[in-house]
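Colleague: Sequence:
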Amino acid sequence: MIENAQNYDVTRYERPSVTVDVVIFTLIGGSLHVLLVQRRNWPHEGRWAIPGGFVEMHEALDEAAKRELEEETGLRDVYLEQLYTFGAPQRDPRSRVISVAYIALVRADAQALRVSDESTAVRWFPCAALPGELAFDHDTILAAALNRLRSKLEYTTLAFQLLPEVFSILELKAIYEQILGEGELDKGNFYRKIKDARLLEETG
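Residues in the sequence shown are numbered consecutively from 2, following my numbering.
No wet-lab data here; the hints were simulated from the structure. Fair warning: there could be bad hints in the mix.
In the DSS-like style, the derived pairs of lysine-lysine whose C-alpha atoms are separated by at most 30 Å in a straight line are [said to hold, decoys possible]:
hint, residue 1, residue 2
1, Lys196, Lys153
2, Lys153, Lys174
3, Lys174, Lys196
4, Lys188, Lys174
5, Lys174, Lys194
I would like the entire structure built from these sequences, with the hints used as guidance.
Modeller: Below, the structure is given as structure tokens:
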């Protein structure tokens with residue numbers, strides 16, 4: 002076994018780079034927003050993009066996502082979950098790059114944003130009014146993140162990450178309406194659905 006390990010040629014196979022990209026959602030003025038950074042460098046200089054970067058050799062993927070999130074935006078200690086892996090061969094003009102995407106949820110007033118030295122700006126945008134086509138395949142990643150967010154409303158408390166600890170049923174209903182993007186929900190049906198799912202604890 003030791004001899005096999007010593008004789009193993011690490012250059013035998015090509016080694017693509019791995020990145021993490023973090024799709025960060027919040028609510029501002031009752032509207033679902035996503036956090037984007039404006040790229041300073043090639044490729045896609047000047048284009049808006051999902052925050053992210055390359056995974057270092059010593060890092061686990063979750064650790065890399067947390068590090069990049071803080072470096073690119075200043076945000077830390079937020080809800081994170083892995084979304085999907087994107088690996089189209091031509092998705093990045095620099096080289097063969099595979100991206101592991103994450104979803105993050107944060108209250109917009111919880112932390113201040115910070116611009117990194119790799120960006121010229123960091124800004125919240127309404128999901129329904131993005132600043133043109135995003136860099137790389139980030140439009141595809143954002144669409145997948147929105148679909149995941151919508152699907153998980155049915156059986157998880159994921160949307161609660163966007164609310165304070167104590168909130169009203171009307172505030173929760175407004176968040177569901179924004180994420181689902183299907184117009185106003187029937188109040189009675191919504192309340193029954195949430196109650197039947199036992200997702201809430203009444204405070205009196």
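Colleague: Can you give the numbers of the hints that this structure goes against, from lowest to highest?
Modeller: none
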